[in-house]
Amino acid sequence: MLWNAFLLALREIRRNLLRSFLTILGIVIGVAAVIVMVTLGGGATRQVASQIESLGSNLLMIRVGQHMGPGVGSSAPSFSVADALAIQREVPSARAVAPAASESITVIAGNKSWSTQVSGTDNAFFDVRNWTLESGRIFTESELHGGRSVCLIGETVRKELFGALDPLGERIRLKTMSCQVVGLLRSKGQSSMGSDQDDLVVIPLRAFQRRIAGNQDVRLIQVSVRDGESTERAKQDLERLMRERRRIQDSEQDNFSVRDMREIASMLTGTTQILTTLLTAVAAVSLLVGGIGIMNIMLVSVTERTREIGIRLAIGALEREVLLQFLVEAVVLSSLGGILGILLAIGASIGLASLLQVPFVFNGGIVVIAFLFSAAVGVIFGYFPARRAARLDPIEALRRE
Amino acid sequence: MKESDPPIPTAERPPLIEFRQVSRIYGRGLAEVRALDRVDLLIQAGEFVAVMGPSGSGKSTAMNILGCLDTPNAGSYRFRGVPVESLDRDQRARLRRHYLGFVFQGFNLLNRTSALENVELPLIYRHIPRAERHQRARQALAMVGLTGWEHHTPGELSGGQQQRVAIARAMVTQPSLLLADEPTGNLDTARSHEIMDLLTGLNRDQGITVLMVTHEADMADYAHRVIHFLDGRVADTRPETEAA
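Chains A and B are the protein sequences, given in the same order. Residue numbers for the first sequence follow numbering that gives the first Met the number 0, so the first one is 0 and each next one is one higher. Residue numbers for the second sequence follow numbering that gives the first Met the number 0, so the first one is 0 and each next one is one higher.
Simulated from the structure, these hints should not be mistaken for laboratory data. Think of the CB as a built atom: it goes at the ideal place given N, C-alpha and C, for glycine as much as any other residue. Be aware that one or more of the hints could be misleading.
[Stated by the list, open to error] One side of the interface only, derived from the structure: several residues of chain B facing chain A at Cβ under 10 angstroms: (1) Ala-92; (2) Arg-95; (3) Arg-96; (4) Phe-103; (5) Gly-105; (6) Leu-108; (7) Leu-120; (8) Ala-130; (9) Gln-134; (10) Arg-224; (11) Arg-232; (12) Ala-234.
[Unchecked claim] To give a feel for the contact side, a few chain B residues facing chain A, derived at Cβ under 7 angstroms: (13) Asp-36; (14) Asn-63; (15) Leu-68; (16) Asn-107; (17) Ile-123; (18) Tyr-124; (19) Leu-197; (20) Tyr-221.
Construct the complete structure from the given sequences, taking the supplied hints into account.
Here you go:
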């Protein structure tokens, strides 16, 4: 009986091919949207996680103020080089400590200019942030000490300012300061937030303070923890030390923050996941709308086929056999929509993933769930029209033209 | 799914159809219509009965009740000894499936469905296996003279041919009772006589009881007996042979 109902359903769908297609379009789009959202969201989450991992999970960042992000908490007092030295001295689990200050500046070389992030820091920066050199060298002790006008540039800056030329030994101008390029950093590509990590110029901290910022401020201290040491422990040590040095009373809140990369990672992936969930929920609504479309067409179909139903009932079809026939038809319709949606989604996910430069993470679970959900939509929204068909009075139904 | 309907007991061969004081009333109060008013009727297995009467005389109502599509408000209808009014919708459907065949004035074939599939339809609801279904449907079509037309849809068949498909569909299950509601109403005289010959043959050769509503006296002539309905009552029932 089920098989017969299935064959009948297929025939009925073939007969009204265009209408069937339009009916299931809602389901197709709904299923595709849900799968694409989940797939791309999964890809983005994985990308964020893996990029943060590549920064080093043993990295701690000490910032001024309590919150992350630009322009917030800047009223709190800055750090100083002395703070960095104190950390080096008093926190044994700190392997490298890099104080830094940075500003966005337009740099000029010859007749070309480029706006980039200029950071003043020391050699520990390359260590904590896992930078390696493409060519040239890092700063010498005397350059750091004397605040000399030398710099290392990122790949993007090189490309923009020098094109095909070798930048080593060339001079670039940062505001009033002219400095010599001594090293080129190896490319890291895009960061998890989509910013270009290679778009930077690094100069000695003292040069930055003197020639660019005009103050002694340090806004960020990056600390890498020794292998095998607990990041959590190091974080607590840092917090205690900084509270002490900044003379914060026990009753007062920190006016700085120590963040561990793992924490930042979970925060970012958390954000991505919330976004994915929201978008998926919106997509799921379209599945619901698709279900209503199916119910509508099934009701029309029952009305159109009243006479057929009358004949079947007169011949001896049971109520539940007629119900089953129409229910199967609705489920076959919606499942077909689900299958088309899945195919569409896989195509679209691969295309969009490469367009958005997000890894394509195939999620078999969501495909199965989406398919089952589409079938369930058929059952739920097909039941009412099917019951209406099954409850028809055969005498009335046969009289209908 | 296996067919598990219990056979209906047929102790001491009761009459095939037994109406006792059957009434069917539509509406209430002033709008009340007595479509059937305390009708008594007895039809034995193997009879060929014609039902005549003007429209509104209650014959359609009687046919609906006889066909187990409707139930009386009062009185008792026993089909093969079974009180139909005590059966629920599904039980009546099972009764139709096993013992009844319908032929309608408007043919009532499924559109865009081949003759063969139309004839197979009642066999599907009896859960007959596919191969046997095909074979029996082909045989039935052969009996009504439609060999070679199996794969034509109703739209491709003439009225007479469509009615023959409908008869094939009604007889393919070898029913006890074939109910024909003006089977020749939409056909010309020559076609009408062909259909009547078919029905007569089914009645004579296969022992199928035939109950036929008709307006035309020459169609009623084929029957053993004619029942006249008037104002919801059986006005007159006489053996056709005596009247002739």
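Evaluation of the provided hints:
1. At a threshold of 10 angstroms, the smallest CB-CB gap from Ala-92 (chain B) to chain A is about 5 angstroms, leaving the interface hint in force.
2. A least Cβ separation of about 4 angstroms between Arg-95 (chain B) and chain A falls short of the 10 angstroms threshold, and the interface hint therefore holds.
3. With 10 angstroms as the threshold, the beta carbon of Arg-96 (chain B) comes within range of chain A, its nearest partner Cβ sitting at about 3 angstroms, so the hint holds.
4. Because the closest C-beta pair between Phe-103 (chain B) and chain A is about 7 angstroms apart, less than 10 angstroms, the hint holds.
5. Taking 10 angstroms as the C-beta cut-off, the interface hint given for Gly-105 (chain B) holds, the closest approach to chain A being about 8 angstroms.
6. Interface restraint check: Leu-108 (chain B) against chain A, minimum CB-CB distance 8 angstroms, threshold 10 angstroms, status holds.
7. A cut of 10 angstroms between beta carbons decides the hint on Leu-120 (chain B): the least distance to chain A is about 6 angstroms, and the hint holds.
8. Contact between Ala-130 (chain B) and chain A, as hinted, is not supported at the beta carbon level, the nearest pair being about 14 angstroms apart and thus beyond 10 angstroms.
9. Hint on Gln-134 (chain B) is violated. Least Cβ distance to chain A is approximately 17 angstroms, over the 10 angstroms limit.
10. Against a cut-off of 10 angstroms between C-beta atoms, the interface hint on Arg-224 (chain B) is violated, since the closest Cβ of chain A lies about 25 angstroms away.
11. Residue-level restraint check for Arg-232 (chain B) is violated (minimum Cβ-Cβ distance to chain A is 21 angstroms; threshold 10 angstroms).
12. For Ala-234 (chain B), the suggested interface contact is broken, since its CB lies about 24 angstroms from the closest CB of chain A, more than 10 angstroms.
13. Taken as an interface hint, Asp-36 (chain B) does not check out: its beta carbon lies about 19 angstroms from the nearest beta carbon of chain A, beyond 7 angstroms.
14. Taking 7 angstroms as the C-beta contact cut-off toward chain A, the hint placing Asn-63 (chain B) at the interface holds, the least distance being around 5 angstroms.
15. Residue-level restraint check for Leu-68 (chain B) holds (minimum Cβ-Cβ distance to chain A is 5 angstroms; threshold 7 angstroms).
16. Given hint, Asn-107 (chain B) at the interface with chain A, holds; its Cβ is 5 angstroms from that chain's nearest Cβ, closer than 7 angstroms.
17. Because the smallest distance between the Cβ of Ile-123 (chain B) and any Cβ of chain A comes to about 6 angstroms, under 7 angstroms, the interface hint for this residue holds.
18. The restraint placing Tyr-124 (chain B) at the interface with chain A holds, with a minimum CB-CB distance near 5 angstroms, inside the 7 angstroms limit.
19. Look at Leu-197 (chain B): its Cβ only gets to about 19 angstroms from chain A, farther than 7 angstroms, so that hint breaks.
20. For the restraint placing Tyr-221 (chain B) at the interface with chain A, the shortest Cβ-Cβ distance is roughly 24 angstroms, beyond the 7 angstroms limit, so the hint is violated.
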